Amino acid sequence: MTDMVQLASLAPLLALVGAVINGLFGRNLRGNAAGIIASLAVGAGFVLSVMAFLGVRAEGAVRVSFGDFLVAGDFNVGLGFHFDQLSVLMMMIITGVGLLIHIYSIGYMQGDEGFPRYFAQLNLFVAAMLVLVMADSFPLLFVGWEGVGVCSFLLIGFWYKDLANASAGRKAFIVNRVGDFGFLLAMFLTYKAFGTLDIQAVNAAAPSFAYGAAILTGIGLLYLLAAAGKSAQLPLHTWLPDAMAGPTPVSALIHAATMVTAGVYLIARTGGIFANAPTAAATVVWVAVLTALMAAIVAIGQTDIKKILAWSTISQVGFMVAAVGAGAYWAGIFHVLTHAFFKALLFLGAGSVIHALGGEQDVRRMGGLGRKMRVTGTTSLIATLAIAGVPLLSGYFSKDAILGALLTSGPLGAYGGQILFALLMVTAGITAFYMFRWYYLVFAGQSRSSAEYERAHESPAVMTVPLGILAVGSVLIGYVGLPAFLAPNLIQEWLAPVMAQVDFDHLSTANEWLLLIGSVVVAAVGLGLGYFVYVIGEGAAARRIGNTPLANASRGAFGIDRLYRGLFTVPGEGLAEGVSSLDRDVVDRGLAGLAGSVPLLGRLMVLLQSGYVRTYAFAMILGVLILAGVAAFMGVFA
Amino acid sequence: MVQTEYYVALSAVLFALGGIGVLTRRSAIMLFLSIELMLNAANLAIVAYARQWSAVGAQHALDGQAAVFIVLAIAAAEVAVGLGILVAIFRNRVSTDVDELSEVRA
Amino acid sequence: MVAFVILAALLLVAGIGVVTLRQPVHAALSLVGAILALAAIYVTLEAHFLAAIQVIVYAGAVMVLFLFVIMLLNVGRTRTPSLTWLKPAAWITGALSLVAVVAVVFVVQRPLPEFEVINTALRGGNADAVGEALFTDHLLSFHLVGVLLLVGIVGAVALVQQSAPAKQAQSEVSAAQPEDAPELVAAGEGN
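Residue numbers (numbering that gives the first Met the number 0), protein chains in the order written: chain A, 0 to 637; chain B, 0 to 105; chain C, 0 to 190.
A hint or two may mislead.
Said to hold, decoys possible - Here are some of the chain B residues that sit facing chain C, going by a computed Cβ distance under 8 Å: (1) T23; (2) A54; (3) L100.
Hints listed in this document are in silico derivations from the structure and should not be mistaken for laboratory results. Predicted model only: the values in this text are computed from it and were never measured. Cβ coordinates follow ideal geometry from the N, Cα and C atoms, glycine included.
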């Protein structure tokens, strides 16, 4: 059994091999071979992940060590993987959803000249993400962390010949870098405080510090900064909407299901620290809830099919981060699981629509597509209902778990847990509203562009089958996390051994039911409002408030991009321009001047060769006088 | 008897004058005259020092004067050849201006 | 002392004359005067033979040659100004270096030996004394100077030869005019 688990160490290696093959030989491969190779690599990884899951289920956590990684004097970090309940769950999500997206991509990226390069980079991403979740030490985790950042950059700017795409990739990388800076500082502090960078050791040693110790709070806040960068939370969220410039399957995999959840994973992993630093934990929740609310408001005003989903992702990840901040680590991971299914489904559905319409992405020119694209439309409806929190679908259970955690979290109580709960409830309602709008504008009602409508057709099977599988998952996967007072909560029990202990208030059964029903009511209100505005009123209400300050703020994403542009980009460009002109005008001119001084010297020398004998004689006489003077001086006075 | 230093100072003045003449004069002949003046100045210095050091090493007392004799002979030969050159150069030109002989230039 | 001062003054005036006078003949004559004054100074320096040689060779042969050439080349036309900076530069340099040399000379003063000693050593710089030095210690130099003089003579004659073809042309031209003898025409072409 232990061997089975240890075998899973090969998973990232397989993905890496796939990436290398596609990267080096992709040009020579015919047809869909590159896609098939990549899918096989990820598929094998999925099989290994399932095997590891079974192994851990039987025998508990397994550690695989490969020797030394970083050694410098007393500093010693080993290279190794740690397979426990959390990491194998993440591995299954990454490889499972990843496999479906790889298969879908074979259809979506058909005919693209960068076909092999795409799959190489996608495989590389899977490899890096796996390393991230399997790492047993912070530096190795950071290797994976950086790796997914690089792949995100590469894939966002996949169609790099368009400058806008390349710029979006660059923006993502730079904003991520700020988070990475936080990660590095956190690592330094961790080593200073704990003397080790082994994750398990750190978690075990955390309770030995004073509760709420300043150093723990500092480390926690820095890890929050890192997570905010990777998971697109305030204030480092600006890169995600721009990242929609990449191919849609990339958005599905990286910016919905896996990379953006890396921050959630990080906080869950370092739960030991956060459980003992309530200030840091509370900061996490406040940041997350505010992000979720803001993003939900912005999502209402967007008109690009993918940007709506991007802001939705920011909002939903806010839910996850809020959960892990509140101490309900299992709830956050649970929402990662359900969100992976329905958000990937939503993105792939959007991709299907974009593919069918030949590149159209503006929802104002869509409509009624559900009639023409039955599978896409149906699966997208399922995903929409799931994310809105309709009961009995997966999203309902995971959202309910998060809301319950916020309400009952012991440490959070002193930091306004009730207020946060209320805000998140409101956000859930807004979520239902804007998702209804999304679905309605794209798939239902009348077509607003007949030319587009005529062109639309259902996608090929290679794209619709993954949609179907994800839809099934969106419905059923929620049942692993049923509320504990009703039925066994499989996922909570599964993750319990690895999660830090946080006190939660106990709700009475009546209050538990109240919570469940309250979630339903909120979802119904959101959906109902959407129905009222768009179906009955045909968008009249939306148009009426279309120019209010709130609506403008929504459309313009609260002007944060403009703010960053003024604060950082413009001064940065100014500095770059200044240095560049310094280089051009000072350094280059200086060197040119130096170079030019040689001919100048030559020209001066030429003046001496005047051809006039008398000047030659004068020069000679002067020379002799000087020599004689020196000789006399040395002879007489020296 | 007059000190050697005065003779040498006089020689220096003559030499300097000759040098100035070399640099200042534009006609080739005048240039040559100045050179002759310099030669004579040098001779004067040698003879003055010959007297100064005559007490030292009796056998070599007259070395200075012998040297001047030889310098004199050389000067004569030099004048002959030099004037021959000048005649050769300036025979076909309008003026004897040295500054016009400026073909060897960069 | 008095003799020295007078002779020195004469010498200086003559030297300045060489450097400054406009007319070439005047400058040449000024140099002759300088040479004669120098000869007198040699006498005061117990170098009688040299004084005589100076007058005979320098004033008598070299300067005469100079004057011949001056007449021949007809020196002294007006000319355009050039290198105007050189004159002041030369005077300043000359003055400065002069000051330096004189200063050095007067710093290291040495006493003059007794007249008796000088007279015994130099024997008045007579012909036999100088001749003795020349023909014993400096025999090689003496002979080499002789060779040099020979070279000088040959060189001087060679320099003023005409090139052969021009000579032929001259001869042919002169053949058309029977009254002019070829040799006379060939001797000096163009003046």
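Status of the hints after comparison with the structure:
no., hint, in the structure
1, T23, "5 Å, holds"
2, A54, "4 Å, holds"
3, L100, "12 Å, violated"
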